[in-house]
Structures are given as structure tokens and as C-alpha cells.
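Same order as they appear, the protein sequences are chains F and S.
At position 424 of the first sequence (counting the first as 1) the number is 413 in our numbering, and the numbers step up by one without a gap.
At position 185 of the second sequence (counting the first as 1) the number is 174 in our numbering, and the numbers step up by one without a gap.
Same chains, same names: a pair is fine if it fits in one copy or spans any two.
Straight-line Cα separation of at most 30 Å, BS3-like style, residue types lysine-lysine; simulated pairs: (1) K308 x K341; (2) K279 x K412; (3) K337 x K308; (4) K300 x K124; (5) K399 x K39; (6) K341 x K328.
Read the hints as simulated data drawn from the structure, not as lab findings.
Small disclaimer: the values here were computed from a predicted structure and weren't measured.
Protein chains: 2
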Amino acid sequence: MKKPYKKPNPGDRVEIRINNKTEQGTLLDSYDSSVLLLKLDNGYNIGFNKKDISELKIVEKAKEDKKEKDENEKEFKQSGQKPIIDIILTGGTIASKLDSKTGGVKPLTSAYEFFKTYPEIFEIADIRIKNPFMKWSENMHSGDWMRIAREVGKSLNDKDVKGVIVSHGTDFLHYTGAALSFMLKDLNKPVVLTYSQRSSDRGSSDTHLNLVCSAYAALSDIAEVMLVGHGSINDDFCYALQGNKSRKMHTSRRDTFKPINCKPYAKIFANGKIDLIRNDYNKRNKNKVKIDAVFEPRVALIKFYPGQDPKILDYYRKKGYKGLIIEFAGLGQIASEGKFNFIPELKKVIDKGMIVCATAQTVFGRLDPYVYESARRIAETGVIYLSDMLSETAFVKLGWVLAHKEYRGKVMAKHYMLQNINKEFNERLGEEFLE
Amino acid sequence: MKKPYKKPNPGDRVEIRINNKTEQGTLLDSYDSSVLLLKLDNGYNIGFNKKDISELKIVEKAKEDKKEKDENEKEFKQSGQKPIIDIILTGGTIASKLDSKTGGVKPLTSAYEFFKTYPEIFEIADIRIKNPFMKWSENMHSGDWMRIAREVGKSLNDKDVKGVIVSHGTDFLHYTGAALSFMLKDLNKPVVLTYSQRSSDRGSSDTHLNLVCSAYAALSDIAEVMLVGHGSINDDFCYALQGNKSRKMHTSRRDTFKPINCKPYAKIFANGKIDLIRNDYNKRNKNKVKIDAVFEPRVALIKFYPGQDPKILDYYRKKGYKGLIIEFAGLGQIASEGKFNFIPELKKVIDKGMIVCATAQTVFGRLDPYVYESARRIAETGVIYLSDMLSETAFVKLGWVLAHKEYRGKVMAKHYMLQNINKEFNERLGEEFLE
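Turn these sequences into a full structure, and let the hints guide you.
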């Protein structure tokens, strides 16, 4: 017979015995009253069926919140001496902290809360916090990119501001990086997108290094849209990656973002040292930034796979879509014979006015439709081959191009899709870039 | 005024002058009479507008074909002493050779032609050639996988055969690798899939090393479905990769196939030396291989992107699809709020009987729906999270599972999709596997 156990409170550290194993962690509020939810020391939340728990003891009671705010607020003040960085909080793990009482995440939306969590960057600069919205990045869409672009643009055109940091969820951070690279023209100062793969309350959190390096990037001479985050799985340095040629390549690693078909701009260390890797970056200047935040949402992204029904193209056309990015196989291939032949459907939707572009589903490398005869036949349908442009960047660029009335026709859309607007094509791609 | 030039013939080596640049190459037949098509020394075919050519000279006339066949055929004979390898030619760059007269590729379908092109492997084994069909792999579909599985199975159950090599186009080679890993049960001998990124007539061809290493893999003790090809961009060794955990990761590099979330089985050198990297492989044995070559083609693969319309799920349901693989973001995320919220549509199609599975669009890493609250809500729709299984492998596995009447129901399909049938899940995934 199971013994009744003393009821613990959320926030208490508890130890349970379940199926002859022992688990320790912080008790969280659970939606389901039959489930006991623990935050383990490795940072993961795990639920246990209460009926399987044979024993529970409270290891440490939750601390009461102390009213520390008034005492500490005096530490946090803008110096008036340091350069100003605007931080735009948009959500994600980096801008949240575990609320031990509820198990949910508590957004950090005020400068003071941010200071309490990440005091280090307040040593480097005077930080101003903007918070247009809080979202996980998988819930973001083009409307959010436009809003971020406008906020960033406003900060960049404020003469007091030295640089801008956007903190963001990781999942679709690279889409926002691509969007800002097209929506902000004549960039004058660094625009740094940063993130966290592990929340700040976890021992293995990557947030502190990422933020400090982001601050140094924001004060640097590199007036580019950059992703700044861990360059390795160690806590030793960050890379500043090109905003529209980077991709999340691992579900959980801290160095999840990888440069695709190019090198990082620089290596940044926690002491502020910046080792430049490339010198083709736009330098800090006195431009007034133009904000071109527009997007045609009727664009879709399709990954080609074996036996795929080519009718999917016409589905999008009938729904009023204006453009498609298709992730082709290999050097630029899609089924070109047999019952799944895409050529007739490609011809049809392109003839009816859709803009269809091809990217590489291999992720790395460059499309080249002139090696194989079949790819030449595919090219004759009017598909636009986007060389080494990332699929994600191509999707953003296509929506952005088609939102401009003057770029919309077949000839103009092709012209702009193939024009190197902000280094989205790497002209000098070598074999060395798959790392 | 342009001078008329002497008409060259296909196969001639010519030099042209165009826009003040000089190009040399082998003249190819061209579809378009206004275009002069050259095969350059780097192996690429390139077309020039004839009207832009200011000068053309013939550097070397095409050699006449000599009737060498009879003389050389005596060199090519099965020894009767060496172990037998069955090679199944299915197409792709590896099984083709440039026909200098037409610019097209000439398939190598007979043992003799194969011997002429790749004599090295005939030193290692007695080679028997089978040629069920010739296709570029982007044109292959599940019907072809089943046919290859039956051919391979027949060879494996022939007691004279020591191992099997399947030569294949690269683009979708990893799909065939996954298919064979499920369709061949109780494997008794090595099944090696190999390829070429550069055709055998190019100086930089990778074919010779790939084929020699494949032969040694086919004679080895590793009774697994393996992809064997260049392990680096040098011509120094090959990797034997797990057939259902590999992916083409570069459009053109010779070491394009990478192990995903696991290590290679072994490193193989041209002298036959095999350095084992893993020891969890199935050893050569006396089993009779069972061929389970079935596939339900009404499955689709979808990559989730920002602002995607969730109605795409219902489009497939209405078309009678039985299953979907969706490439989720991050650790297992899809839009879960706002106007692009996928949760209601997921619920709907799953309630109506569709089997929906999630894989990681990061390519590397493992899904974990228990870290974030939103992913837990997504999981409640009944989506099956496929941990670290590759999207491509998941697509093949889902079609294969759903083709079995007894696996088809929601509970059984989930059970089989999550069962580790042939190491498609890596139970011990660490951080070290993003390379």
C-alpha cells in the first residue's frame, strides 16, 4: 500500500521514487492533476504519473521572493557615458526565465528585469530595451519581420544609438535575418540577431556569452545584419554570421547556427576581441537607413521528394499564390520523366504567371542547371535557379520582391531574384564551405 | 566582319574566341543550331551563342573509333577463383560515360563496357552485372525501390554471391538506402550503394575510388545496407555510411554524403584496408533474406515554414493521403498560435485517420517535445515525434509501414513508426555528431 505523502508546493526541490528509480528536481505546476511535473537539473521538464510514485520527499522548500527590487535598482542606471545599444526583445528562450512557481516561462520585458538576468552587458553599454511583442519564433510570420524591421530602422536612424541587438527565438531566427537583410537598405550600423538555445536558468546556458559577444558586435565597425552566437559547443567564442546565409542546423546544440556557402564575418570573444574572418562587410557609416518593409504572403516553399505529385504546383496557383520556392535535388533536378514528371506542371503554372524558383535541398553547394541535359530541359520551363541561395532566404526574398509592384512581372521578378541585393549569393563559392 | 569558319564535327577539340576570351573544349552536338555546345576540361558543358563567336579553330580532330572490342575481350573473363559480387546498375553518373559524338551520356549496361571503364574492381572480384533499368535518381520513386529490393534480395539469396553493389544516381540515393534498409529483412551479406559525383571521363572523377572501396565493403563482414563513397574531398578514402542515416549535403562535392546523427560504420582504403568505426553492425551470416518490398504511395513530405497555411494538411487528406511527414522547426515546433496555428488542422486530419509524423528540419539533432509547453500541446494532437530519424528515412518508413495492412491503424502505425526496425533511431545521440 502506498503511503500518502506530504503535499509539496511548486518551486520546492523534491526527490521522488518511481519504478525503483530516484529523480530529483524542482516541482512545477502541472496542467494535469494526475501528473507530477519536475524540472530536472539538466533543464528538461518531465512529467510522472502520480500513481507510479512510491515515495516523495521535499529536499528544500522554495525560497520566498524577497523584495530586492528597490535595493538593487540603484545599481541599474544608464551611465550616460557608455555607448547606447538598443535591444529589441521579441521573445524566445533568451528573453524568458523559468517561473519556478508555474513551470511556465516568465518573459523579461523590462530593462530592469533584463539587467537582473544579464548584468554583464550593462557593463559594456548603456542598454535601452524595446519590446514590440513576445513570440516564439515558430509563430512568427512576415508581419512580424516587417514590425521588427521598422523598430530596428527607427533605432538605426537615432543618432544616439551605436548599434542594435534583436533577441529572438532560434527556430526561425534565420528567416528574420534574411528579412532584415532585404528590408533595411543603406545600413549604417551593426544589426545583431541573437538567441539562446538553453534558458538562462540552466547551468549550460549559452545566453551570457551570446549577449556579451552581441554587444561587442553591435559596437563594431561591421554594419551588417548578423547572427551572433556560439561558434563551438564550448563557451569560448561566438561567430558573427551573415544574416541571410545562415541556418539552424541542430535541434539543441549551442553552436546550432552554421554559415552556409560562406564564412563567418568574425570570431568574437567575451573580452571584446574581434578577429575578422572576412573583409567584404559594409562599414559603419552616416547613411540614413531606408526601411523597405513589405511582403507578399502568397508565396510557398516546397521540398521535392521521390514520387511527389506535381499537381501540388497547380494547387498553389489556384489558391492565388504568386510565387513558389522549390527545393530541387542535386545540382538542380526535379523529376523530368515518367508519371511524376514535373516539366508539364512547371510550364503550366509559369505560363500562367507564377514565379517559380529552385534552391538546393542539399543545403550546401550551388545549383548548376547546365551539367545535365535534363536540367536544361527543366530550365526551359522558366524556373529561376537561385545558385547557392539558401531556401529560407529565397522564400523571404521572393515574398519581398513580389511585394513591390514594379518588380512583379516575370522579367523583372527574375531580374531581382538573380540580382545580388545583399550578398545572398556567394560569387566565389569554393569546395571549402561544407564544415 | 566575321570570317566564316571551317565546320568542325562533334568530338573535335576546338578553340573559340568569344567576347575577347578564349575557350577550349570538345565540341558536342547541340539541340539548338544557334548554339555551339562545348564540354570544357573541367567537365561542364557550356553553350555559346554562335553569333558571338569571332573565331574558331579545330585543335584536334575526333579519333575514329577503333574496333578494340575483340582484342580486349579476352582480358575480361570471370576467373572462377575470385569471390562473386553482383553489381546492379540503376543509372546515374556512375553508370554513364560521355559520348563525345552526341554530348549525351552513354549508359554502361554490359559487364564488358563496365570492365572497360572500371577495370580495377575486376581485379578484386568476379563481377556479374544486372541492369533492371537506367534512371537518374531524381526520376525514381517507390516502384523503383521495390524493384531494386527484389533484385538485391535475389542476389543475396544466391549462395555463390559474396556481396551486392547497387550503383545509383546521387540525388536521391539516400532514399533508396532507407528503402532497402526496411525492405530487406534478416540481411546476410553487405549491400553497398555507390555513386559518382563526377563522371568517369572527368579528371576529378570520384568513381574509381568509390567502386574499389565498394567492392571491399561488399566482401567485408558488415551485413548492412551501406552508402560507400568519398570520405573527404581528397581521393584518399571512403566511408561506409548507414543506409538510412545518411543524406546528400552538398550539390557537387565528392564527399557529399554525410552521416546524420551517427558515425560511419568504417573507413575503407583503396588497398582494401578497413578501419572499423562502429561495432554495432549486423555480421555476415547464413540467413535467408526476406524481401518485404511494399509501399503505400499516398504519403507526402512537407517542410514547415513561417506563415504557412495549415490547410495544406487537409488538401492531402482530401486527396486520399494516408500519412504525412512534416519537417518541424527546432526541437519539435510548428506554429501553435495566431492565424497560422497548425493545432486545429493537425487535430482534424489526425482525428480523421491520417498518420502524421514530425521530423527535424535542422537535419541534425533530435526532436524533444517535452521541453516547451507549446510542443506539449502540439504533441496532444497525436503527431508522432520521430526523434532523430531523418525526414527522408521517415518518408520511406511511413510509406512502407502503411503498406502493411496489419500496421495501418493509428495505434499500430505509431508503434511501428517508433520501433527501431533497422537502427533508424540512434538511441545514444550525443553532441558530437554535427560534423
